[in-house]
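For the record, in the sequence shown the residue sitting at position 24 is 29 according to the working numbering, with numbers rising by one throughout.
Errors might be hidden in some of the hints.
What the hints assert, rightly or not - Simulated crosslink set (EDC-like; lysine to aspartate or glutamate; CA at most 20 Å straight-line):
hint	residue 1	residue 2
1	LYS697	GLU633
2	LYS883	GLU630
3	LYS316	ASP504
4	LYS883	ASP789
5	LYS122	ASP134
6	LYS765	GLU795
7	LYS223	GLU255
8	LYS621	ASP592
9	LYS727	GLU749
10	LYS254	ASP195
11	LYS621	ASP532
12	LYS856	GLU871
13	LYS687	GLU630
14	LYS430	GLU449
15	LYS653	GLU630
16	LYS855	GLU795
17	LYS855	ASP766
18	LYS637	GLU548
19	LYS135	ASP248
20	LYS727	ASP789
21	LYS778	GLU795
22	LYS686	ASP766
23	LYS96	ASP216
24	LYS84	ASP34
25	LYS883	ASP766
26	LYS778	GLU633
27	LYS856	ASP791
28	LYS856	ASP766
Said to hold, decoys possible - Restraint-style ranges between C-beta atoms, simulated for each label pair:
hint	residue 1	residue 2	range
29	ILE610	ILE845	51 to 61 Å
30	GLU48	ASP347	48 to 58 Å
31	ALA252	LYS135	21 to 31 Å
32	GLN426	ASN650	33 to 43 Å
33	ALA40	GLU630	52 to 62 Å
34	ARG73	ARG244	31 to 41 Å
35	ILE610	SER31	35 to 45 Å
36	ARG283	ARG45	48 to 58 Å
By construction, these hints were calculated from the structure, which means they are not laboratory data.
Glycine included, every Cβ here is placed at the ideal spot set by N, Cα and C.
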Amino acid sequence: MKKIFLLILCLSTMYPVVNAGRVVQSFNDGWYYAACDDNRLQEVQRHEEGWQQVHLPHTWNADAYSTRNYRRASSWYKKEFRTDAAQMRDKQLYLKFDGVNSLADVYLNGELLTTHKGGYSAFTVDITDKVRTDAPNLLMVHVNNQNDRIPPLSGDFTIFGGIYRNVWLISAAKQHISLTDYASTGIYVDLPSVSEDRAEISVRGTLVNRDVRRAVLKLDVEVLDTDGKTVAQSLRSVRIDADGAFAFKERLQLEKPQLWSPDSPYLYSVKVSLKDVRGKVLKDETRVPLGVRWFSVDAQEGFKLNGEPLKLMGACRHQDQMPMGIALSDEMHRRDMQLLKDMGVNFVRLAHYPQDDAVLRACDELGMLVWEEIPVVDLIALGDEFRANATSALREMIRQHYNHPSVIMWGYMNEAVIQLQYRVKKQRLNGFYENTLALARHLEETLKREDPYRLSTMAYHGNQIYNKIGLSNITDISGWNLYQGWYENDFKSFDRFVDEEHRKYPHRPLIISEFGAGSDPRLQSLDPQIFDFSMQWQQLYLEYYLPAIMKRPFIVGATEWNFIDFSSASRQEATPHINNKGLMYNDRRPKDVFYYFQAFLRKDIPVLHIAVDDWKHRTVVSDGEAVEHPVKVYSNLDKVELSVNGTKLSVQGIENCHAVWQVPLVAGRNTLVASGICHGKKVEQVSDIFVKMQPRHIAAVGSGQLELAVNVGSNCFFTDDKSDLCWLPDQAYTPGSWGYIGGEIFRRSPGRIGTTAEVKDTRNVPLLQTKRKDIRAYRFDLPDGDYEVELLFADLNARSERVTYDLGAVATLDNADFRGSVFNVSVNNRPWLNHFSPAIEVGGNRCISKKLHVAVTGGNLTVNFEAVKGMTFLNGIKIFRIH
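All chains should be modelled from the sequences, with the hints used to inform the complete structure.
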């Protein structure tokens with residue numbers, strides 16, 4: 006036995022398997038960046054100044070978080086590198102760019118090697134014959150994020166510019182698996198037949214020979230289990246012509262496969278090896294994931310995975326994070342997928358573009374099904390160039406992510422006609438509709454040729470135009486972006502819409518591709534209302550939608566919009582430049598409503614969350630007595646007990662994963678304890694609310710500090726997140742207290758409080774987006790003394806740029822010929838502001854603050870308003886006792 010072992014050892018020493026294959030290394034260091042809006046290479050090369058050293062991934066658009074007019078222009082990147090002649094012998098050298106947004110021209114040593122159009126897919130450049138081995142090489146990349154004929158032409162998200170994903174330097178043998186097949190792995194694995202007993206596996210790909218001689222090689226295709234053990238194999242010889250290619254297709258069979266699913270994401274891998282004819286020298290090798298699963302969908306039984314019904318429930322995901330923009334690390338991408346999995350989702354829509362391969366790998370490993378799509382968003386451009394770019398983007402996405410078992414559907418349009426009514430003359434609309442329809446049919450055909458096994462889908466906004474022009478008849482699944490109860494109508498309008506859609510098209514699978522409501526943690530309300538951006542309205546909205554979706558079997562699934570608050574530079578609203586419909590803040594802190602989703606979706610762990618994290622510090626109106634506030638608990642337990650400051654309140658049954666207690670809050674710290682039983686074990690959560698009392702009857706307040714701020718015309722508490730000052734909801738005047746006299750809440754659109762237009766010259770935008778119009782007076786009954794009075798104004802009747810994505814906005818201008826309202830302001834019958842016009846002073850939709858020191862005698866401070874032209878109005882008022 007010992008002699009046999011020694012013989013095997015000697016043979017293995019005589020004939021080792023040499024790894025002469027590919028080497029993949031990062032190429033992210035040593036880059037320089039210049040914000041130079043000049044397309045001419047020679048001119049840019051002359052510039053010695055203006056270059057700053059950067060590390061990739063990189064974007065130049067941190068400005069998108071602070072302005073709608075973020076930089077969309079040309080920029081340049083450059084890097085010097087050396088190659089060794091010995092290392093280049095019998096080698097091919099490639100550069101792979103994982104993502105450059107949006108147009109990339111790649112130059113090496115002054116020569117243009119390639120131009121790539123499209124910002125969300127990878128591309129590969131062969132630099133073998135262009136690289137120097139006797140001198141430094143200069144690589145320059147011209148990048149432009151202005152989109153003329155490249156999708157997306159526009160979108161409700163920021164088009165960040167830059168080389169924002171990894172760059173790789175790849176060295177490969179002359180004979181290797183193709184690296185230039187749309188930057189894919191060059192390997193495609195199909196499952197033409199799958200059952201619990203057997204999986205038929207088809208592995209195809211392309212081998213290339215860049216040598217001047219014909220090559221005879223060994224091709225080894227193996228299926229490996231999770232422990233690396235070979236469970237199926239195909240081995241054969243192949244001949245590749247000089248400077249030629251060879252397409253192969255191998256069939257393998259796997260008995261009793263372990264199936265991939267969200268609950269059990271078992272991953273095999275397919276290893277493809279290319280060796281010399283003796284099988285000793287490894288020319289190339291690559292591995293791709295393999296998840297054995299099958300799926301189907303229909304309008305009656307919904308989605309099935311491995312023959313079992315599965316409701317697809319999840320969220321949409323944008324990829325930015327302040328201040329990095331979309332230049333995220335792989336760890337950040339993986340973290341996001343883990344957070345989604347922790348929340349309990351089994352499905353994620355990667356909106357509105359292909360995302361980093363790290364995202365797809367994480368979905369494979371965690372067991373999350375994926376809808377991935379290309380960024381044909383809002384509208385198309387006419388002509389062959391846009392069509393070619395969209396087709397290329399679709400082909401790149403499919404080929405690059407083909408082998409990820411998590412992907413079950415490809416998408417290629419989102420709300421594709423939403424902007425036509427604003428950008429195209431009425432007489433040209435039909436032509437654009439016809440071209441959009443023709444492009445969709447072409448992309449559908451391309452998709453099915455590229456991948457006949459997966460489903461196709463697109464998303465529409467809640468308008469019947471998609472049915473009218475036939476766009477909704479093309480894909481396997483129809484996606485609807487529905488926001489009833491947010492942008493328009495009431496919650497039940499959602500029920501009516503989907504039920505009617507199913508009635509009219511009973512054989513069409515339907516998915517809710519978007520639903521959501523905005524929220525701003527600075528805005529809290531005990532009386533939440535539609536579109537007020539309070540945390541409470543977002544909770545009510547989502548608490549209605551999840552059960553409504555779940556109880557309808559014809560709804561295949563749903564993805565909430567959006568997993569995070571993300572960058573959308575054109576957005577105005579409460580948090581300008583941010584779409585704040587996230588379940589998490591942009592820094593990935595969970596909002597309280599995150600735990601509603603977790604309680605609703607997860608049954609494997611106990612979920613118990615006191616929903617006060619978004620509003621831990623509160624100012625309440627009270628003359629010293631405890632004040633009851635509603636406190637919500639999200640849980641998947643049957644019953645929960647809540648106590649406050651050591652006093653038990655009650656035990657409540659949990660319905661729709663939540664219950665609400667009226668909790669007496671006192672000044673200072675209030676400790677809440679929620680507890681319940683799960684599988685015989687006690688579950689408990691502790692949280693605190695910190696309360697500051699604001700006197701209701703300020704006339705009775707003695708000496709000491711008195712500061713009172715009011716969010717005039719609003720139902721919300723607004724807390725300045727820099728000073729912690731709370732501006733209280735507006736109220737009518739009552740003797741001994743304070744409040745408005747006369748007027749009404751300003752509504753720019755029917756049914757909504759305030760406006761969504763961004764108000765300039767303030768960081769407290771929501772405070773200025775509401776006001777009371779036609780107000781006669783604001784009165785405070787208070788102790789005599791010296792006070793500072795501050796009035797906040799913003800004339801919200803000014804026209805502002807319409808936000809396309811505010812689907813329910815209807816302008817109702819009180820004065821269509823806007824020149825600004827003019828009025829007089831007096832304090833305790835003494836004139837203060839005469840013929841005052843905020844718009845004339847600073848312009849419309851801009852904040853202006855006026856302060857006055859007032860000596861109060863007689864127990865009241867009254868600010869009176871008298872109209873001269875237009876209306877009187879007030880956005881905010883604050884009083885502060887000086888002494």
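Hints versus structure:
1. LYS697 <-> GLU633: 14 Å, holds
2. LYS883 <-> GLU630: 24 Å, violated
3. LYS316 <-> ASP504: 18 Å, holds
4. LYS883 <-> ASP789: 16 Å, holds
5. LYS122 <-> ASP134: Violated. LYS122 to ASP134 sits at ~23 Å, over the 20 Å cutoff.
6. LYS765 <-> GLU795: With Cα atoms ~18 Å apart, LYS765 and GLU795 stay inside 20 Å; holds.
7. LYS223 <-> GLU255: 13 Å, holds
8. LYS621 <-> ASP592: Measuring from Cα to Cα gives roughly 18 Å; hence the hint holds.
9. LYS727 <-> GLU749: Roughly 30 Å separates the two Cα atoms, so the pair is violated.
10. LYS254 <-> ASP195: 10 Å, holds
11. LYS621 <-> ASP532: 18 Å, holds
12. LYS856 <-> GLU871: 18 Å, holds
13. LYS687 <-> GLU630: 33 Å, violated
14. LYS430 <-> GLU449: Roughly 28 Å between the alpha carbons, so the hint for LYS430 and GLU449 is violated.
15. LYS653 <-> GLU630: 19 Å, holds
16. LYS855 <-> GLU795: Cα-Cα ~6 Å, so holds.
17. LYS855 <-> ASP766: 14 Å, holds
18. LYS637 <-> GLU548: 12 Å, holds
19. LYS135 <-> ASP248: 17 Å, holds
20. LYS727 <-> ASP789: Outside the cut-off at roughly 30 Å; violated.
21. LYS778 <-> GLU795: Distance ~18 Å between LYS778 and GLU795 Cα, so the pair holds.
22. LYS686 <-> ASP766: Since the Cα atoms of LYS686 and ASP766 sit roughly 54 Å apart, the hinted pair is violated (cutoff 20 Å).
23. LYS96 <-> ASP216: With Cα atoms ~9 Å apart, LYS96 and ASP216 stay inside 20 Å; holds.
24. LYS84 <-> ASP34: Holds. LYS84 to ASP34 sits at ~8 Å (cutoff 20 Å).
25. LYS883 <-> ASP766: 18 Å, holds
26. LYS778 <-> GLU633: Not OK: LYS778 and GLU633 at ~31 Å, beyond 20 Å, violated.
27. LYS856 <-> ASP791: Between LYS856 and ASP791 the Cα gap is close to 13 Å, so the pair holds against 20 Å.
28. LYS856 <-> ASP766: 16 Å, holds
29. ILE610 <-> ILE845: 51 to 61 Å: Taking Cβ atoms as reference, ILE610 and ILE845 lie about 60 Å apart, which means the hint holds.
30. GLU48 <-> ASP347: 48 to 58 Å: 51 Å, holds
31. ALA252 <-> LYS135: 21 to 31 Å: Check passed, 27 Å falls within 21 to 31 Å.
32. GLN426 <-> ASN650: 33 to 43 Å: 56 Å, violated
33. ALA40 <-> GLU630: 52 to 62 Å: 60 Å, holds
34. ARG73 <-> ARG244: 31 to 41 Å: Given about 59 Å between the Cβ atoms, the range is violated.
35. ILE610 <-> SER31: 35 to 45 Å: 37 Å, holds
36. ARG283 <-> ARG45: 48 to 58 Å: 53 Å, holds
Violated hints, in rising order: 2, 5, 9, 13, 14, 20, 22, 26, 32 and 34; the structure is consistent with all others.
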